[in-house]
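Given the sequences, and given the hints that come with them, work out the whole structure.
From first to last, the protein sequence lines are chains X and L.
Taking our numbering, I'd label the letters of the first sequence as residues 1455 to 1786.
Taking our numbering, I'd label the letters of the second sequence as residues 1455 to 1786.
You may find that some hints are simply not true.
It does not matter which identical chain is meant; a pair holds if it fits inside one copy or across any two.
As the list claims (entries may be wrong) - In silico DSSO-like cross-links for lysine-lysine, where the CA-CA straight-line distance does not exceed 30 Å: (1) Lys1528 to Lys1647; (2) Lys1528 to Lys1473; (3) Lys1495 to Lys1483; (4) Lys1704 to Lys1497; (5) Lys1647 to Lys1473; (6) Lys1529 to Lys1647; (7) Lys1483 to Lys1661; (8) Lys1483 to Lys1494; (9) Lys1756 to Lys1495; (10) Lys1483 to Lys1529.
No lab work stands behind these hints: they were computed from the structure.
Values in this document were obtained by computation on a predicted structure and should not be read as measured data.
Number of protein chains: 2
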Amino acid sequence: MRIAIDAMGGDYAPAETVKGAEKAASGNKSLEIVLVGDEKKIKEHMSGDFPNISISHTEEYVEMHESPSAALRKKPNASIIVAAKMLKERKVDALISAGNTGALLEATLLYVGRIKTDKVKIKRPAISVVLPTFNKPTILLDAGANPECKPEYLIQFAQMGCIYSKHIIGVDNPTVGLINIGSEDNKGSAVIKASYELLKSSNLNFKGNVEPSTIMKNGEVDVAVADGFTGNIVLKTAEGTGELVTRLIKKHVSNNIFAKIGGLLIKGAFRQIKKDLDHSEHGGALLFGIDGICIKAHGRAKHDAIENAVKVAVRMINKEIIKKVGEEMSEK
Amino acid sequence: MRIAIDAMGGDYAPAETVKGAEKAASGNKSLEIVLVGDEKKIKEHMSGDFPNISISHTEEYVEMHESPSAALRKKPNASIIVAAKMLKERKVDALISAGNTGALLEATLLYVGRIKTDKVKIKRPAISVVLPTFNKPTILLDAGANPECKPEYLIQFAQMGCIYSKHIIGVDNPTVGLINIGSEDNKGSAVIKASYELLKSSNLNFKGNVEPSTIMKNGEVDVAVADGFTGNIVLKTAEGTGELVTRLIKKHVSNNIFAKIGGLLIKGAFRQIKKDLDHSEHGGALLFGIDGICIKAHGRAKHDAIENAVKVAVRMINKEIIKKVGEEMSEK
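Structure (C-alpha cells):
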C-alpha cells in the first residue's frame, strides 16, 4: 500500500508534513509513503532513515495564498500535480495534501479525473468532512468544492455520503438530511426545493430538511447534504464558534482563583473536548468523486493531523471506497 | 412610551411572556406595556395588578407550527395582527413577539409596511441579530427573512446594519463585511460577487469578504451582511455548536471526580459564558426595515429574554432608530 503526501502543502509544511509522515511510517511498516516535494527541504526535516519513506523530488509547489488556476499553469511540476499524476497512474493508492484546497481540487480534477463507470458518472466531486456532533459523527458534503450546485449534484453527494457513512463509519442504512433553514418541506431556494424532491423520490433513507442547529447538537442524521457554499458556511461557523467558546472559557476561568483551580482540574476534560471538536482529529476531508482517494488535511495541520489523515487513507484503501461508488451507485 | 407584547407568541406563552412583561413593567414605571392576547389566559398568569400593564383582548393567535400565510388569512384577529395594527396606528412605539417568525414578518409587512421616506424606500426588511463574538458584538443581517436576495437588498442591509451598530451599540464608523466562503474578492455565487462590487463602490467602511470562522472568533467586523439563507445557517450553526460544546463539557466533567470538583469551581464562569453566548440575552432580533420597531424574541424565550427584549425596544425607541433610516440612508 502506497500513499503520496504533498510535503510542501500546508501552513507548517514541510516540517509538520514530514514529521507526520515519519510517525505514520513508523506505526505501520507495511505502508510505503512517498513524500512529494523539494528533496533538500524535506531531508532537512527528516529525523533519520525510514525504509518505508521515499521522496519524489520536485522544486515547484503551490503556495497557500496563490490563485489555483494561475499557479497550476505557471508551475507544471508543482508537488500537487506530481502527486496527482502518481495517483492517476496508480503508482500510489491515495494522496494527502494540507495545501491550497483550490489547487488540490483543480489538480485532481485535471490529472486524475472524476469517477466514471458503466453505471455512474460523478458530476462533481464533493469535499466530505466528518462533523463532530454529540452522539455520533455526521458526514457533511459538500463542504466547499462547489459553491453553486444543481439538484443532480446534491443527490450524488447524498449517495456518496451514504457510501462513506456505511463503509468508513460503519452505519447500516444511513439517514440523509438536506441542510436547510427550516424543517418544513417548502423551505429554501429553488435549487434546495428541487433537491428536496429528488431526494424524497430516491431510494435513500431521506429524513427531509435539517437545520444546522439540530445537526450540531444531536447528530440528527448520518449524512448532511448541502451545496458547497452552505456546507462551507456550516463548517466555518462551527469552527469559529468552537474557538470562541474555548477562548471565552479561558477568559472567564482566569478571572478568579477558584475558577482557576477548577480550570486546572478539568484540563483533561478540555483536552478531550478540543479533540472531539477538532476535525483534523477525524483525518481531514475526502474529495469524494475524484477517481482515487484524495484527502485534504486542514491547512493548519500539524504532524498528528497528517498522521491521522494517513490512518484514514489506509482505512479507505482497505474498504475500497472508490470502487464502492461504481458498485453501489447508479444513475437513479 | 408604549410597547405591545404578543402575549400568545412563543413556546412558553403566555406564562413567560406575562412574567417577562411584569418584570419589565416593574423595572420601568414610565413604560406602558400592552399585552395582546386572550384576556382570560393572560390574567391566569398575572401575579397582581400592574398600573402600567393593560390587555388588548383577542382570542385568536398563530401557533408556532402553523403556515404563516394560511394562519393569517384564517385568523384576521390573531394577536400578532392586532399588535401590528397598533404599531401602524402609532398606538404603541414598538412590538415584541416570541411567536412564529414567518407570521410576524408577514403581519408586519402587511399591516405596518416597510420604511418609505423621500430619500429611501426599504426593499426588504432584514432580521438583524447581535452575534456574540469574543471582543465585541457583530450585527448579522439578514438572519433569515429573505432566503433569496438581490445585491440591492444586501447594500440596504449593510446600511441598516451600520445604523444599528452606530446608534444602538455605539460604534463610530462601523466596519462592514460580506459573509463569504473565502476572503478573496472573486469568491461565491453571482449574487455575492455583484453584492461585493456594490458594497465596494459604496461609501460604507467596507472590509471585503469575511468568513464566518473569523467573525465568530474575532468579531472581525461590526456589521456582517448575508442573504437570509446564509445568515440563518450561520446563526443556527453557531447556536448548535454552542450547545454541543456545553454538552461535551458536561459529559467529560462528570466522567471523573477531579473534573467534577473542577466543574463545580468554574460553574460561575460557565454561567457567564452561557450568558455571553445566549443571544436572547442580547434582546432578540430587530425586523429592520419595517416602519416601526418590531422585535422578534427567540421562540424559546423565557421571562428574562422577554424583559431584555423590552429593554432593547426602549433603547431603540429612545434612539429613534427608524427615523435614522430616513435621515442617514439614501438611494445611493
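Cross-check of the supplied hints:
1. Lys1528 to Lys1647: between (41 Å within a copy, 26 Å between copies)
2. Lys1528 to Lys1473: Within one copy only: 29 Å inside a chain, 67 Å across chains, cut-off 30 Å.
3. Lys1495 to Lys1483: For Lys1495 and Lys1483, the Cα distance is within 30 Å only inside one copy (24 Å; across copies 73 Å).
4. Lys1704 to Lys1497: neither (39 Å within a copy, 45 Å between copies)
5. Lys1647 to Lys1473: Neither, since 47 Å and 40 Å both go past 30 Å.
6. Lys1529 to Lys1647: between (42 Å within a copy, 28 Å between copies)
7. Lys1483 to Lys1661: neither (43 Å within a copy, 50 Å between copies)
8. Lys1483 to Lys1494: within (24 Å within a copy, 77 Å between copies)
9. Lys1756 to Lys1495: within (17 Å within a copy, 60 Å between copies)
10. Lys1483 to Lys1529: neither (34 Å within a copy, 72 Å between copies)
When each numbered hint is compared with the structure, violations occur for hints 4, 5, 7, 10.
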